[in-house]
Amino acid sequence: MSKTKRLLAGPYLLWMIAFIIIPLVMIAIYGFTDKTGAFTWENVIAMVRPEHLKALWLSLKLAFLCTLVCLLLAYPLALILKAGGVKKGSFVVMIFILPMWMNFLLRTYAWLNLLDDGGILCTLLENLGIARFSIVGTNTAIVLGMVYNFLPFMVLPLYNVMCKIDDNVINAAKDLGANGFQVFWRVILPLSFPGIVSGITMVFVPSMTTFVISDLLGARKIMLIGNIIEQEFSTAANWNLGSGLSMVLMIFILISMAALNHYDKTGEGTSF
Amino acid sequence: MEKPLINLVDISKSYDGSIVLDQLNLKIYENQFVTLLGPSGCGKTTTLRIIGGFETPDEGKVIFDEQDITHVPPHKRALNTVFQKYALFTHMNIGENIAFGLKIKGKSKSYIQDKIKYALKLVNLEGFEKRMPDSLSGGQQQRIAIARAIVNEPKVLLLDEPLGALDLKLRQDMQYELIRLKNELGITFIYVTHDQEEALTMSDNIVVMNQGYIQQMGTPEKIYNEPENAFVADFIGESNIIDAIMIQDRLVQILGAKFPCVDEGFGTNRPVDVVIRPEDVDLLKPGEGTLDGVVSHMIFKGVHYEMEVMAGGFEWLVHSTDMFPVGTKVSIHVDPFDIQIMNKPESEDEEAVGVNE
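Residue numbers (my numbering), protein chains in the order written: chain A, 1 to 272; chain B, 1 to 357.
I should point out that these hints are in silico values taken from the structure, not numbers from a laboratory.
Take these hints with a grain of salt, some might be off.
[As the list claims (entries may be wrong)] Stretches of chain B that chain A covers, calculated by requiring three or more beta carbons in the stretch to come under 8 Å of a beta carbon on chain A:
# : region
1 : 81-90
2 : 96-104
[Stated by the list, open to error] Distance condition first, Cα-Cα at most 25 Å in a straight line; then the derived SDA-like pairs of lysine to any residue:
# : chain 1 : residue 1 : chain 2 : residue 2
3 : B       : K105      : A       : F181
4 : B       : K105      : B       : E153
5 : B       : K115      : A       : G177
6 : A       : K164      : B       : K115
7 : B       : K109      : A       : W185
8 : B       : K103      : A       : A258
9 : B       : K130      : B       : I104
Yeah, the Cβ is synthetic: ideal placement off N, Cα and C, and Gly gets one too.
Please work from the sequences and hints to get the whole structure.
As structure tokens, this is what we get:
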């Protein structure tokens, strides 16, 4: 029996080895060697170069901002959806997820069209006589694009965890004398914490590492850490440096997620 | 006359056009164990939720301690609820669960600690303060839910099918536990259940409900022995409900045979329903009783034998500790005080309204 079970894990195991383990090992090999193949710490230490630190710091700031905006948008929505009943809720959630059915790149290009100089927003503002300006190439545009792309990843876990909260638990809190705010603060918020943790993880990680959104909506003027790594691999063709920086970024994210999960006492969070 | 603690006046409630409660009137007095009993959809839980404040009636008033609380939100009502599936706060340990209501009321730490100890002792779970709800069995969780409610010293404890999720043995233990708790606390319990045995075991008073109407109110003995209509008779225990004619005071004709009874005031030659409990049917030798018949089925039930006796064209349900094998010729005898006479309902509607006036 256990033998059959082990066999069933086979395809995934193969997949994992081929596309996760081996690439990771390769990144490690590239990261710790120079172009001649000799061992070096150079590529890893390169993260502390001012231009890299600056990009990392900006990535951190924008990812934090994006996560915060997503949380502030999604949490009240999840609360409202819960209050409105599951049937209605699922429909609204589907509307939120609907954009995910379209290609990520297409969606980002659409935003470029909306926000660009001569784009829809720009033309509209100009025709209204307000001003002619474009926010493409600014941090705002990047955060906007990230929020748009990653919001569903915040809505889903929050909505799931909210639906799991038994109405009678909320009624019990009211019954024991808690007013609306106390019910939220002492019961709903702590019970939804696993959803918050996994929502943050699922939004923070991709926004921390994105390079497509910053490339398009940042008009190649704004360098996030993702863009730097991407350029090392493509234009600069320095795989060693790219791998080294990738490793540092990976460890950085691992540490921040571990810290976050530390607060998820119940262990219900579905992060990682 | 003693003033009622809770008085429901002309309560009506409907959901999406279907009526759940229709002009319900109910008085509940202090220090009583009152059970709302009925099949699912009879309006018993809605009644409880209206008392608890989780539903607002479309019409009517809820009077609590002589004050109109119809529109008072639940957190301002001096009563507490024990919910069906415990509804414990899974992110808090047992101590914190019990302390919830007291913390909100701003009680002192030492007072809260004393209360937690007292409540855990009351429900026989001393030393459980630091445990998490998930690590407790269903029965233990339900005790904690009760402890969490009673530390707030409510005048009334509302219990919404609290034993529904427990297995039979545990349920029976908890029934005794609840009676003991009620006597120790000296407060009013309002208990909702669809389990007639539970209701008979625990209650001082039972309110039998069906289709949004109260069918009958009274002590368990009264409800069981003197059901006011066929629904109550049928819902509370097993019974033989038979068409009959009240010939005169203290004489009723059942399936062609004349049975002496103790009821008066139904007039003469009036069609009625009679209820005879299976354990009240005595089986005698043929010719010695009032109505002769033949045993058609027999099952051993442990405490007694359950038999069906074909007599007068009706299949009588009989419980007896004596065995009468299938095919035995018997004669049915019923003691006069074991025959319960009920007015026939003129229509389904009247049957429901009947006792509600």
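ask   = B/K105 and B/E153: Cα distance at most 25 Å?
value = holds, 12 Å
ask   = Does the structure keep A/K164 and B/K115 at a Cα separation of 25 Å or less?
value = Not OK: A/K164 and B/K115 at ~31 Å, beyond 25 Å, violated.
8 Å C-beta criterion, at least three residues: is the region 81-90 of chain B covered by chain A = holds (count 8)
query = Holds or violated: are the alpha carbons of B/K105 and A/F181 at most 25 Å from each other?
reply = Measuring from Cα to Cα gives roughly 14 Å; hence the hint holds.
inquiry  = With the threshold set at 25 Å, check whether the alpha-carbon distance from B/K103 to A/A258 stays at or below it.
reply    = Violated, at about 33 Å.
inquiry  = Against the 25 Å threshold, does the CA-CA distance of B/K109 and A/W185 hold or violate the hint?
reply    = holds, 20 Å
Hint consistency between B/K130 and B/I104 [alpha-carbon to alpha-carbon, up to 25 Å] = holds, 20 Å
inquiry  = Can you confirm whether chain A covers the region 96-104 of chain B, using C-beta to C-beta distances below 8 Å and requiring at least three such residues?
reply    = holds (count 3)
query = For the pair supplied as a hint, B/K115 and A/G177, is the alpha-carbon distance within the 25 Å limit?
reply = Given pair B/K115, A/G177 holds - Cα atoms ~17 Å apart, limit 25 Å.
Of the hints listed earlier, those the structure fails to meet are numbers 6 and 8, in rising order.
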